[in-house]
Amino acid sequence: MSKEDVLRELLKYRYAHRGLHHKPTVPENSLMAFGLAAEKGFGIELDVHLTRDGKLAVMHDHGLKRVTTVRSDHLAVVPENAAIPCETTVGCKGVIEDMTLAEAKSYPLEESDERVPEFREVLELIAGRVPMIIELKPVNGNQDDLCKKVMSELEGYEGLYCVESFNSFAVMSMKKLFPDIVRGQLGSDLAADYKARVTNDPREGGKFGKVANTMVKDLVMNRMTLPDFVAYKFEHKRNSTFRAYKGAKIFWTIKDPIDLAVGEGMGAACIFEGFVPESPLRGETI
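In the working numbering, the protein residues as written are 467 to 752.
The hints are simulated quantities; they were obtained by calculation from the structure and are not laboratory data. Since this is a predicted model, take the numbers as computed values, not measurements. Among the hints, a few may not be true.
[Said to hold, decoys possible] Here are the computed lysine to aspartate or glutamate pairs in the EDC-like style, where the Cα-Cα straight-line distance is at most 16 Å:
1. Lys614 to Glu470
2. Lys641 to Glu470
3. Lys615 to Glu587
4. Lys489 to Glu587
[Stated by the list, open to error] Simulated DEER-style distance windows between Cβ atoms:
5. Ser538 to Met467: 33 to 39 Å
6. Ser745 to Arg689: 19 to 25 Å
7. Ala593 to Ser538: 37 to 43 Å
8. Tyr660 to Ile550: 16 to 22 Å
9. Val742 to Pro551: 19 to 25 Å
No residue lacks a Cβ here, since even glycine has one placed at the ideal position from N, Cα and C.
Hey, can you work out the whole structure from these sequences and the hints?
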């Protein structure tokens, strides 16, 4: 299948943001959430990091604090363990890039016994049933290694997928190393997002400098990276640079059926969460 045909097929779907999660019992970016999405025919969006031992961990934040629950005895935080005396329960303070995958997996995700999935576990679970949008989360210039590792795991995979990143250098790496793979540039107004953040949110959320914000908001490096699509935050859909972009478009993250209808009406595929559309296919009953 040609690159153009792959993109055309990818854009037919609606995508469950970090899987079809229902927090806190069905955690985001968990095998359970991905399995539920696949069962209903929805595409899935997921995030990939490179761990200290060179494994691919599927989770959103660089830090584990928001999505993990840690008992002092390291038992899973599930109802059957509730009666076992235990000290304080807090999220892990570690950073995924500084940990081995085994260390990350020692903590349960939210209020479940799910663990941080390895990317290959997701591939084995999905097995080509539904398309995937894979977000690359590089740090400290490791984008080439991250891209190579992801594509190594995808070698021989029989299913639809594309990759995307906020980091334009990761998009550039994909263009350089794997030009035949559908790649996308993520965009948003980072400064506005920072102002709208939830107080004391433990996710990474530091202020971005003016240059970094402009690069992401106004898609500055698109002329060099030549992405096949742009995935833009729905709340900032009126951004003039995004509106002027002539390629394929995806919106994230759609939170209700009305916005889904608006986004698809603007010609974009959509990544959703917080509700379940009636159909996994774009443009059908919401």
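Hint check:
1. Lys614 to Glu470: violated (22 Å)
2. Lys641 to Glu470: Given that 16 Å is the threshold and the Cα spacing comes to 15 Å, the pair holds.
3. Lys615 to Glu587: holds (14 Å)
4. Lys489 to Glu587: With Cα atoms ~21 Å apart, Lys489 and Glu587 exceed 16 Å; violated.
5. Ser538 to Met467: 33 to 39 Å: violated (51 Å)
6. Ser745 to Arg689: 19 to 25 Å: violated (36 Å)
7. Ala593 to Ser538: 37 to 43 Å: The hint (37 to 43 Å, Cβ to Cβ) holds, given that Ala593 and Ser538 are roughly 38 Å apart.
8. Tyr660 to Ile550: 16 to 22 Å: violated (40 Å)
9. Val742 to Pro551: 19 to 25 Å: violated (39 Å)
In summary, the numbered hints that this structure violates are 1, 4, 5, 6, 8 and 9.
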